[in-house]
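2 protein chains.
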Amino acid sequence: MSTLVQPILLTGNEVQQLSKEVGRDTLMGKAIAKNVKDLEAFMRLPIEVPGHGEAGGYEHNRHKQNYTYMNLAGRLFLITGEERYAQLVRELLASYADSYLTFDFHVQKNTNPTGRLFHQILNEHVWLMFSSLAYSCVASTMTEDERQHVIDNLFNPMLDMFTVKYGHDFDRIHNHGIWAVAAVGICGLAVNRREFLDMSVYGLDRDGSGGFLAQISKLFAPSGYYMEGPYYHRYAIRPLCVFAEVLHRHMPELDIFNYKDGVIGRTVEAMLATAYPNGQFPALNDASRTMSINDAGVQVAVSQYAEHYGIDENLLGMAKIQDSVWMHGCGLTLSNAFESKSDVGLPFWPSVELNEGPTGDRGAQGFMRAQDKDKDVFQLVMNYGQHGMGHGNFDTLGISYFNRGKEVLREYGFGRWVNVEPKFGGRYLDENKTYARQTIAHNAVTVDETCQNYFDVERADSVHGEPHFFCADHQQMVGMSAFANAHYDGIGQQRSVFMLKHEDFEAPLLIDLFRLTSDCAHQYDYSHQFDGQIIRTNFDYQAHKELNVVSDALGYRHLWNIAQGNVSGSALVSWLQENSYYTWLGTSSNPNGQIFFTRTGANDPSFNLRSEQSFIFRTHGEDTLLASVVETHGYFNEEFEQSVNARGVAKEIRVIGHSGSASVVEIETEKTRFTLMVSNDPNVTCDSVNHAEIAGKTYSWVGFYAIEQAVLV
Amino acid sequence: MSTLVQPILLTGNEVQQLSKEVGRDTLMGKAIAKNVKDLEAFMRLPIEVPGHGEAGGYEHNRHKQNYTYMNLAGRLFLITGEERYAQLVRELLASYADSYLTFDFHVQKNTNPTGRLFHQILNEHVWLMFSSLAYSCVASTMTEDERQHVIDNLFNPMLDMFTVKYGHDFDRIHNHGIWAVAAVGICGLAVNRREFLDMSVYGLDRDGSGGFLAQISKLFAPSGYYMEGPYYHRYAIRPLCVFAEVLHRHMPELDIFNYKDGVIGRTVEAMLATAYPNGQFPALNDASRTMSINDAGVQVAVSQYAEHYGIDENLLGMAKIQDSVWMHGCGLTLSNAFESKSDVGLPFWPSVELNEGPTGDRGAQGFMRAQDKDKDVFQLVMNYGQHGMGHGNFDTLGISYFNRGKEVLREYGFGRWVNVEPKFGGRYLDENKTYARQTIAHNAVTVDETCQNYFDVERADSVHGEPHFFCADHQQMVGMSAFANAHYDGIGQQRSVFMLKHEDFEAPLLIDLFRLTSDCAHQYDYSHQFDGQIIRTNFDYQAHKELNVVSDALGYRHLWNIAQGNVSGSALVSWLQENSYYTWLGTSSNPNGQIFFTRTGANDPSFNLRSEQSFIFRTHGEDTLLASVVETHGYFNEEFEQSVNARGVAKEIRVIGHSGSASVVEIETEKTRFTLMVSNDPNVTCDSVNHAEIAGKTYSWVGFYAIEQAVLV
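Chains as they are written, first to last, in my numbering: chain X, 2 to 714; chain B, 2 to 714.
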């Protein structure tokens, strides 16, 4: 027999405080109003508990809606006192209890075990977590029989399924595992079976080998970074934060928010620190390009961080982008802080290098930021960490670059149309492997038309990038550098990227030195994924009258070869993206060069790929330095027919020389010659005194790199 | 010797009223604040009067900025009393006066005569109009010598150039001509030479053969429509409205706002009635896709309309989109009206058919609108009027279709990157003729791969479309229909388009019947310009391994043939554009059919074209009825990973038959069979009793068309 359950996540006092926000023009007031509006719209539909359907199909979506709105209805019943909301939860739970055990398990189509409602138990975990929370909010309004019906025919069978039938999966350390333990632990509390809470915290055997504590200890690097990238991080963060809040209230002895030196706070910080200035997450690994801090899970995380770790300007800036908070006591704390501050600006995160691996020694992810005169944030992201497990792209040393509100050097994102049922049920498409995860699909160098690690996941998991330097406090020019010497047999790779501020340029100049070393000659394809309209080049090229793929190699077979030309000296490619012009100037230490203009879409009979552009700078050689800049300049507004500074000022780039100790490159505008000296010594420190013999001249400087300038006019 | 000039466009009382708006949160207060901000930013640059440069180049833009900010500074000096603003105007005018006569005339590159500042005198007219207005605002702060310097060395030489050197052009009836007469008339007032005002109003010979009155009498159809389309209309509307306001004040005897039964108000109404629900103008003829009612000229027109013709809900809705008003007494009237109304909604223009030609008998442009349950406006535009002079596209019976905030069946717009100097100086590109103006680039039928009127402008100017019916008051299904029987030798064309509301569909269903008649067999290419991701089809096609152009014909030579397949029965093409799904179902009366998927970019060596998609339904036959629907359905949100109703409900479309008297088509969902009967009789009226023998059966209805429905389940 069940004992009466109280709301698991809200105290009476919290409910009272939240009630006062109804109708107010605060972040919490707006969150409540929006939730009421959405819930009322859902309640205009008849109650329905369908059978199971395809991933992304009608039934799938309906089950998802059912738990989403039960979760809202439970809390909104408490906050507004509206009995119809409790009734919705009761009726839906009763209906599920009526039919749940009559549903067969789905036929398994991918690697995940199947549930009775969904094609994979992951979704069933999610269902259980939210439904259990909703139940706890309305259980006091149910009769004993009603409660027992739900417990016997729904919650207990689910607990049994997750911990017995699929028990072998329960202790796996994986982002899905957090949903599993949160669901089981919370449901255990809801049905007064605390043994399930114990299992969720300490593992099935309650020995710490599995469960929540093991997961939060092992899933994240010391920096807090999650190796599958921000897209999966934000998916795991919701049950992580919700369950942490539950443990804070129901297992206070854990002191969960201080556990492992505050690992929960640290991993939230790390996740937020990856975001672009507009709040979107870089599409590291298999990820959507549009996931952002507006995600409901990130809202929970930001609100919870405010309550348990403190509030600063950047957190308030995040709340401003989110324009909402978690409908919970934690969210109220943030909402109150926001309300008391009159002029919250947008967040400007510091540059940060997030280490990877259990002890932080398996490379890192670099997030470098600079601001232009108008305070616009330029963000450069470089991956020099681990392969992102099953979701990993083969793009070590790949970069992405964001400014003026958009990604300029772009990540393609995953080959997947999430929840679009006619597109393979919304699951990952074949093109995810044959294109999106291939090296050539990224802003990186592909050697001999072969993917890094030869598209071998095991090999990729065994290696990682090596940080070289990360220097965010240089006044004029921030920079980061890393090696990837194990990703191609017999090839050393080093990439050093900088953002230079100088009065010649209206905005920070991206400088990119990509060095490759090898005993024998190779083909190096230095690719740049961009969007927009090509405005001009400074070289002749052949626009093909008939299109063929760039080659039949993996990745390349999806690229139409639109045009190609030979280049020497400084090759220039300029394009317009939305309101800004961009000019790439590139060269290499080899006497040969070619540029290919490509567009995705070849060998894509089902139109699964988006049509996207790149240009590839190809050169052949042994040891090679590829050097380029990307200048951001001008302004175009089609509606108002304005165009200024469509040409930019960077005129030339030259490789003076490079060796194991240093690379030296010159960049010229009409007015200034810049000489960039970069140490290639893996052991360089910020105090190193460098003397490099390059092209018969000695260059000397202190630290990782230096930039000198000579006035030309 | 000059006499002291007062502000031409503002009275002392108006200035006083406008002053009171400074700092207020009204449309006028916001307009003033924005203008001050922009002007202050400009004033941080040193004063500069460059020589002449390329179209779209630095010097061009600087001259443009100079007149733009003089125009603001003159009025803002009066409104705010800030002496620095008057000083800016004085200094700039003095500087121009110092150097104007030292500049040579540009070398002529296109058909327009050149100026001393600009590559074409059009821009010099614009310069003069705004500078004269600015001068009139600050003349009272100048010394006699200062005024005389400007008059002798700048204004008088300009007046002379426009009316003597280029006098042969002054009386031309053309949209550029309005700028000419407005500039000369206003400058004449500014320098106290009223004879120039007379010339501007009545023509050089002051006999009414040229000048403003002739222009506004002849440029517009009785409906107010301007034959070059809204893009050029809004360009001409600014000097038209500004000069009308000047005449209202300085030649009150003209009673200009009642001239020719209020032609000025009527043409403003017509222009506004073309706009899509988001305020953008359909890109009829050579036009940018992004021009909207936010254009400064349209702001002047809306404010002036408010003052002289009255204010209604739709005008307030326009002001809401503009979020601004003309900084003038007229704008204050609109701002005050807006302020006094608490809940201004977005405008919903009625459906309107705008006739063309001097007497309104040269066809028309149809703008049909319907709303879905959420009040979203669906707009269908069909061109069955005249060829738009030198800017005309060859697209009679072409349609465009807008809903849910975006154009769905799309206009490509012009082949031009306005003001982008590296793109041929921002002028029209060759691809404008070889692609953008060709029939195949539009949503129309191309016969035998040949452009309408064989791309012969004279031939095109000699023919026009014929209205058939325009029925906007039908409860369930609005529709319009027209003929174009002279655009291809020996081919009759009729297009009838409808928007059907029915509970089976979540949104109005677009139904499109395109009928072609001929004595011999032809190839008909029924093309659909769309954007987004193809989701599914219901037929097999060959995705080409190697891309070639669809054909070498004009227009076609820019289209890559991506994929093609044979179709029979109802062919289905479904795509996702932003947040909405669209499903096209099409068929024809012929037993043969093919669909081609295309993308622009072939034979485009300078990357002048945007990369855009279309699908072409091709069939061969003599008399042929092409029938299709476009269903708008579902919702996709990548960020929130939501997808609903990705498939739609339209299942089948069948041509039952067609003849000179009628076409009958059936459309089916799972639940309903719709039978659409349309009269093809050019003389049909809304009262006609129709009896059509089609496929051995007699169909009877009253009026232009009828739809019957049968329940299937």
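If you are wondering where the hints come from, they were derived from the structure by calculation, not from laboratory data.
Any given hint could turn out to be false.
Under the rule of at most 30 Å between Cα atoms (straight-line distance), these lysine-lysine pairs were calculated in the DSS-like manner [claimed, not checked]:
(1) X/K342 - X/K38
(2) B/K38 - B/K110
(3) X/K376 - B/K35
(4) B/K261 - X/K321
(5) X/K407 - B/K166
(6) B/K672 - X/K407
Predicted model, so just to flag it, every value in this text is computed and none were measured.
These are the hints, each one checked on the structure:
Note on X/K342 and X/K38: the hinted pairing holds, with a Cα-Cα distance of about 27 Å set against a maximum of 30 Å. At roughly 37 Å between alpha-carbon atoms, B/K38 and B/K110 are farther apart than 30 Å, so this suggested pair is violated. Between X/K376 and B/K35 the CA atoms are separated by roughly 20 Å; this keeps the pair inside 30 Å, and the hint holds. Simply put, B/K261 and X/K321 have alpha-carbon atoms about 54 Å apart, too far for the 30 Å limit, and the pair is violated.
At most 30 Å may separate the alpha-carbon atoms for a hinted pair to count; X/K407 and B/K166 exceed this at roughly 50 Å. Of the supplied pair hints, the one linking B/K672 and X/K407 is violated, its CA atoms being roughly 45 Å apart against a limit of 30 Å.
Figure legend: structure checked against the earlier numbered hints; hints not met, in rising order: 2, 4, 5 and 6.
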